[in-house]
Amino acid sequence: MKETAPNPFINGLWRQNPTFVQILGMCPTLAITNSVQNAIAMGLATAFVLICSNGLIAAIRKHVPKQVRIATYIAIIATAVTVTDYLVKAISISVYKALGPFIPLIVANCLVLERAEGFAAKKPVIPSMMDGAGMGLGFAFGLTCLGTVREVLGAGTFLGIHLFGPNFEPWVLFLLPPGGFISLAIWLLIFASYRERKDRRERARAALLTVQPAEAQS
Amino acid sequence: MTGTTTKSTQMIRFLGFVSLLCGVLIVGAHVASQSRIRVNQEEILRESLAQLLPGMTRQVIYIVTPTGELTPAASGESSDKRIFAGFDAGGKFLGVVLEASERGYADVISAMYAYSPASKTITGFSVLEMKETPGLGNKIGSDPEFLANFKALDTTHPVAAVKHGKKTNPWEIDAISGATISSRAVGRMLAASVQEMAPIIARHRDRIERGN
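Taken in sequence, the protein lines are chains U and V. Oh and the first sequence: position 87 is 87 in our numbering, straight run, nothing missing. To convert, count from 1 in the second sequence and add 1000; that's our numbering.
Pulled out of the complex, with its shape left as it was, chain V reads as follows (with noise of 0.2 Å):
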């Protein structure tokens, strides 16, 4: 421990030199990785849309505006509202997928639904992303019968969940029993989004259904 000024000045280079390493490291794995990344990303998404409207050989998406008009997009990573109207090989409209999230039992579901702007109705939902209970909440992604939920769910009337065997009206959503919270967020989320992007939709119908 002798000569301290020279121990602090050895100390600070050599955590510059490390950070230095670091840095290097982190920016290389970040900048290698970065395309097969986004790839992967959309991916998963073509293969959601893909789910929601079979058929589906080409898609045109649009970004909503905060005015509540339609910019078409590029595809890629966005953060706004997004519409993706979907087309089959014969270039007949299929429907529109959009993008949904709600807090759930445990953090942020985020989705995507299937919607026919034609019967108001939503026709598919497919879980992006959640970390909802294993055995449980995480069955809002997978279990049939609540899928089946979705097949022809009515928008004109608000969407709700009601617990398991109680569905009655067609904009209602029969809960998973044990999985009660998970299914009522979904419920919110749909409700919420249907109100919120309906109206857009319906205002820019024949444009989103001739796909330019």
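Looking at chain U on its own, in the form it has when it is part of the complex (with noise of 0.2 Å):
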């Protein structure tokens, strides 16, 4: 992937949102967000992961030598993932119970690794935490984007709030794994949507200019 945007925060949190653009780290996307809660909190400490590895990769990217890349980078983001499990733990347990088995998981995310290899490898320290930033925030809007679906329609709440009061029959299916998938291809639908109309605006705009410069000007 090749980084056109000047600013890497940017990137990540929309031109190359993990989530609906790059289709990054699914497993996590559909199984922690069938509430708001649970998406957001697994989204920062992502985020929080993304930050730390990409910022340590960036810093160390000069000696690493080619053939054992992978392995180093593998070591540092599982340093990463074990240092968010003791944080999230000791700042809520009731956190640390809902996201039970998912934190351990961020190290299989592919997007982390592909933020290592794809970014910090490349760029110097700030930029590549930039990045993280913006990948991490990216991928929690992502996750909060299906957790208000899911939760909204499956529970009838948001962030635990009751909305329609005591005579709402919940959709349980957004709540179980199907709706996971239903609510993750609305979403990607209602994107691909928005960027292909975008980009269809803008060949027309930009046929016009080269047939009628004149005319497209009025």
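Honestly, I wouldn't trust all of these hints.
To be verified - So these bits of chain V aren't anywhere near chain U, every CB distance computed over 10 Å:
| no. | residue |
| --- | --- |
| 1 | Ala1032 |
| 2 | Ser1101 |
| 3 | Glu1102 |
| 4 | Ser1116 |
| 5 | Thr1155 |
| 6 | Gly1178 |
| 7 | Pro1199 |
| 8 | Ile1200 |
| 9 | Ala1202 |
As the list claims (entries may be wrong) - Derived DSSO-like pairs (lysine-lysine); straight-line CA-CA distance at most 27 Å:
| no. | chain 1 | residue 1 | chain 2 | residue 2 |
| --- | --- | --- | --- | --- |
| 10 | U | Lys97 | V | Lys1131 |
| 11 | U | Lys122 | V | Lys1007 |
| 12 | U | Lys62 | V | Lys1007 |
| 13 | V | Lys1151 | V | Lys1092 |
| 14 | V | Lys1131 | U | Lys89 |
| 15 | V | Lys1167 | V | Lys1151 |
| 16 | V | Lys1081 | V | Lys1131 |
| 17 | V | Lys1151 | V | Lys1166 |
| 18 | U | Lys66 | V | Lys1007 |
| 19 | U | Lys62 | U | Lys122 |
| 20 | V | Lys1151 | V | Lys1131 |
| 21 | V | Lys1007 | U | Lys123 |
| 22 | U | Lys122 | U | Lys66 |
| 23 | V | Lys1166 | V | Lys1120 |
| 24 | V | Lys1081 | U | Lys89 |
| 25 | V | Lys1151 | V | Lys1081 |
| 26 | V | Lys1081 | U | Lys97 |
Said to hold, decoys possible - What follows is a set of in silico ranges between Cβ atoms, one per label pair, in the way DEER data are often shown:
| no. | chain 1 | residue 1 | chain 2 | residue 2 | range |
| --- | --- | --- | --- | --- | --- |
| 27 | V | Pro1054 | U | Lys97 | 21 to 31 Å |
| 28 | U | Gly160 | V | Val1108 | 20 to 30 Å |
| 29 | U | Asp199 | V | Gly1028 | 42 to 52 Å |
| 30 | V | Glu1042 | U | Gly160 | 50 to 60 Å |
Rather than coming from a laboratory, the hints here were simulated on the basis of the structure. C-beta: ideal position from N, C-alpha, C; glycine also.
Need the complex rebuilt from these two chains, each delivered in its own frame; the hints are there to steer you.
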């Protein structure tokens, strides 16, 4: 992937959003987004891991022998995840309980390794940490989008606050795995159609400009 | 790719350095967070105890030895079987809290329940940890109708969960509809735990109620 955007933070947050554009890290995306709280916590945990691992890898990038670079990245990512695991446990046991076995799985989130190999290995520390923050928050944004749909439809609540009163019959399907796939599909559809429409508009304008530059102005 | 020997030693040295760095970071985080984690776990335990035995201000913890004897335990973590005896501000015995666990629909459910040695009934139930299906199985921890089963659940007869709305006897648990497997797991967990612990508690009842 070529970094064309000047700002690595915005790049991760929007242009190369991990969930909706790169479609990376789908396992946690589908597994833990049945409530908004889980989605936000998981997103932030992943963002923290990305910032730490990108920063560390960028700091030592010039000394990493090519043959053992993947082993090095994995060791550093695993360290960042273990530290995060301790931190979450220390900050809130209830969040830790909800995230359960998913924090250790951040190690296997291909997004983290992809950012290490694709960005931090070539760029200085500060832009790498910015990229980690952007990608992490972009991931958190994607998870929150999914979590909102699933929690509102599946439980009738948002962040645990009841929205519809006692007569609402929750659509439990959305809390179960199929609901994850369905809401992910809906979001992907929305973002893809938005992008396509924008592309088409830009192409049309470009065509107009090349053919009749004078008329396009009016 | 010239000079493979130097390359190898370089790689080994570099990986050694990375491992050392990672090791230091992990141990550092472990040491720094350990005390806070223990405080959090104690907090969860204390909340569950307070919820199970309302009005409790003092607790005495016993560890059950393999021979069925009791030894007083300092608070803190332990993998042994524990009995928590609760007393109110006036020193009156309120009941005991026991731990139980059982395989549920997804992974092990671990819970605590309050038991009254005098009436041989279960008087409260609280889930400590579970991974049951959100919206269905995880209602065993929150559904008021389900938790009402444990206001005075008779244990003189083996406890069992029955289908939603079919409860007729005081030892039966009215299952949550749509979460029968999780409800049954709760029934099995309580039945097994009571069967094991009730005789021990009965034998040491005087001592537990005095709190020494």
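To see whether the hints hold, each was checked on the structure:
1. Ala1032: violated, 8 Å
2. Ser1101: holds, 15 Å
3. Glu1102: holds, 18 Å
4. Ser1116: Non-interface label stands for V/Ser1116: nearest chain U Cβ at 29 Å, farther than 10 Å.
5. Thr1155: holds, 28 Å
6. Gly1178: Non-interface label on V/Gly1178 violated, nearest chain U Cβ at 8 Å vs cutoff 10 Å.
7. Pro1199: Consistent with the label, V/Pro1199 stays out of reach of chain U, its closest Cβ about 33 Å off (over 10 Å).
8. Ile1200: Non-interface label on V/Ile1200 holds, nearest chain U Cβ at 30 Å vs cutoff 10 Å.
9. Ala1202: It holds; V/Ala1202 is separated from chain U by about 34 Å at its closest Cβ, greater than 10 Å.
10. U/Lys97 / V/Lys1131: holds, 9 Å
11. U/Lys122 / V/Lys1007: Holds, because 21 Å separates the two Cα atoms, which is no more than 27 Å.
12. U/Lys62 / V/Lys1007: Holds, because 15 Å separates the two Cα atoms, which is no more than 27 Å.
13. V/Lys1151 / V/Lys1092: Holds, at about 20 Å.
14. V/Lys1131 / U/Lys89: Distance of about 17 Å is within 27 Å: holds.
15. V/Lys1167 / V/Lys1151: Holds, at about 14 Å.
16. V/Lys1081 / V/Lys1131: OK: V/Lys1081 and V/Lys1131 at ~22 Å, within 27 Å.
17. V/Lys1151 / V/Lys1166: Roughly 18 Å separates the two Cα atoms, so the pair holds.
18. U/Lys66 / V/Lys1007: holds, 10 Å
19. U/Lys62 / U/Lys122: Between U/Lys62 and U/Lys122 the Cα gap is close to 9 Å, so the pair holds against 27 Å.
20. V/Lys1151 / V/Lys1131: Measuring from Cα to Cα gives roughly 25 Å; hence the hint holds.
21. V/Lys1007 / U/Lys123: Holds. V/Lys1007 to U/Lys123 sits at ~24 Å (cutoff 27 Å).
22. U/Lys122 / U/Lys66: holds, 12 Å
23. V/Lys1166 / V/Lys1120: holds, 23 Å
24. V/Lys1081 / U/Lys89: holds, 24 Å
25. V/Lys1151 / V/Lys1081: It holds: about 24 Å lies between the C-alpha atoms, which stays within 27 Å.
26. V/Lys1081 / U/Lys97: Holds, at roughly 22 Å.
27. V/Pro1054 / U/Lys97: 21 to 31 Å: holds, 23 Å
28. U/Gly160 / V/Val1108: 20 to 30 Å: holds, 25 Å
29. U/Asp199 / V/Gly1028: 42 to 52 Å: 49 Å Cβ-Cβ, so the 42 to 52 Å window holds.
30. V/Glu1042 / U/Gly160: 50 to 60 Å: The hinted range 50 to 60 Å is violated for V/Glu1042 and U/Gly160, with Cβ atoms some 25 Å apart.
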